[in-house]
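Colleague: For the protein sequence lines, the chains are A and B, in the order given.
In terms of this note's numbering, the first sequence is residues 18 to 110.
In terms of this note's numbering, the second sequence is residues 234 to 564.
Certain hints may be false.
When the alpha-carbon atoms are kept at most 25 angstroms apart in a straight line, the in silico PhoX-like pairs for lysine-lysine are as follows [stated by the list, open to error]:
| # | chain 1 | residue 1 | chain 2 | residue 2 |
| --- | --- | --- | --- | --- |
| 1 | B | Lys-515 | B | Lys-499 |
| 2 | B | Lys-515 | B | Lys-268 |
| 3 | B | Lys-465 | B | Lys-312 |
| 4 | B | Lys-405 | B | Lys-499 |
| 5 | B | Lys-314 | B | Lys-430 |
| 6 | B | Lys-353 | B | Lys-268 |
| 7 | B | Lys-465 | A | Lys-31 |
| 8 | B | Lys-353 | B | Lys-499 |
| 9 | B | Lys-348 | A | Lys-37 |
| 10 | A | Lys-37 | B | Lys-405 |
| 11 | B | Lys-465 | B | Lys-405 |
| 12 | A | Lys-37 | B | Lys-353 |
Keep in mind the hints are simulated off the structure, nothing from the lab.
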Amino acid sequence: MAEWRLYEVFVRSKHGLNHKHVGSVHAADNEMAMENARELYTRRSEGVSIWVVPSDTITASASDEKEILFDPSEDKVYRHASFYKLPDEVGHM
Amino acid sequence: MYAQMVDTGTKRLKTLEEMSPEERDFQEKVDAETKIEAKNWMPDAYRKTLVRQISQHAHSEIVGMLPEGNWVTRAPTLKRKLQLMAKIQDEAGHGLYLYSAMETLGADRDDEIQKLHDGKAKYSSIFNYPTLNWADMGAVGWLVDGAAIVNQVVLQRTSYGPYSRAMVRICKEESFHQRQGYQILLDLMREGTQAQKDMVQDAINRLWWPSLMMFGPHDDESPNSQQSMVWKIKRKSNDELRQMFIDQTIPQLEFLGCTVPDPDLKWNEETGHYDFGAINWKEFYDVLNGNGPCNHERIATRRKAIDEGAWVREAAVAYAAKQKHRAAEAA
Chain A
18 MAEWRLYEVF
28 VRSKHGLNHK
38 HVGSVHAADN
48 EMAMENAREL
58 YTRRSEGVSI
68 WVVPSDTITA
78 SASDEKEILF
88 DPSEDKVYRH
98 ASFYKLPDEV
108 GHM
Chain B
234 MYAQMVDTGT
244 KRLKTLEEMS
254 PEERDFQEKV
264 DAETKIEAKN
274 WMPDAYRKTL
284 VRQISQHAHS
294 EIVGMLPEGN
304 WVTRAPTLKR
314 KLQLMAKIQD
324 EAGHGLYLYS
334 AMETLGADRD
344 DEIQKLHDGK
354 AKYSSIFNYP
364 TLNWADMGAV
374 GWLVDGAAIV
384 NQVVLQRTSY
394 GPYSRAMVRI
404 CKEESFHQRQ
414 GYQILLDLMR
424 EGTQAQKDMV
434 QDAINRLWWP
444 SLMMFGPHDD
454 ESPNSQQSMV
464 WKIKRKSNDE
474 LRQMFIDQTI
484 PQLEFLGCTV
494 PDPDLKWNEE
504 TGHYDFGAIN
514 WKEFYDVLNG
524 NGPCNHERIA
534 TRRKAIDEGA
544 WVREAAVAYA
554 AKQKHRAAEA
564 A
């Protein structure tokens, strides 16, 4: 079954929410991937919309890139609202 | 339990000092309950153990469809038939969630299925027992799925992210299975004839001990458990899980008005648990090693399904190629 591609499946659980990764399926083509995803991941109305994406088309960050990619934001505390102290009198902002 | 006796390939546990920096980093993450994800570094033995365990677990779900499939055409009413088919479809789904989790480790689904069909991979011993009467559908749902839930609820906290997430999904669906099974038994016990009530007791008599065996050997006979616990692949020991299952099942049994075939079973006021009799481990190992009542039949059925479905898979590939070709020509 090597010709059957691996697809990643994303499901929008209800209107207004974003799609979330739920797992993968094998399929001969895109349409079959969609049918398989529906059968496998939404048997109990878990979703209102499905995306299927060939796994080999996804570019992912490598775990050893963690520091290069994500560390710079750690020392930019001024990007967070909690960095700015307001007098109590100002109230909620 | 759905994965019994998973070999970890390690003879003894390493101390933190003996580990390479990567291994230590990995173990500290596990200790801190940080989930390990597919792209993270992991010891080779951890990866191999997971592939063995998750594939065994997946095979169990897939083979587990067969004892129930036996009753689809014999279900007493259309309602029961629909329920049974929904349950069997769930089992197929559970198998696929698990193969999907396994593939994130770099294993290939077809290769692992081939190992099952070649008799080189294990699956839960429980599915090598026959389902002889309709009450077996009730007893399987209640006892077998019940035992599966005890194990799987704990596995939701397993250290490998994709496995853990598959477990969360499976657990949500599993309680339908157990209730469905229990209701079959309840109806027979409440409204059934004496013959039907005897049928329930007969099903329980045959499936009780095999259900307890699902949890695997006693802790002191389970050489691989220690490593799996340190890696947090396993979260509770075989004996702990077995005891949990017994403690929660006996009140349900009593409510049915049935008994289990164990004269030594009794409530122990001191420990707050049920004591129970000795398990026939010879039977367990016989079944696990391929000599249970249905081992040959189960594998033969699986092989037949794969072989006879080959043309469908080939046709799907040919169709996809043709559609692609046509689309290219039209463009």
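Colleague: Which of the listed hints are broken here?
Modeller: Those not satisfied are hints 2, 3, 4, 6, 7, 8, 9, 12.
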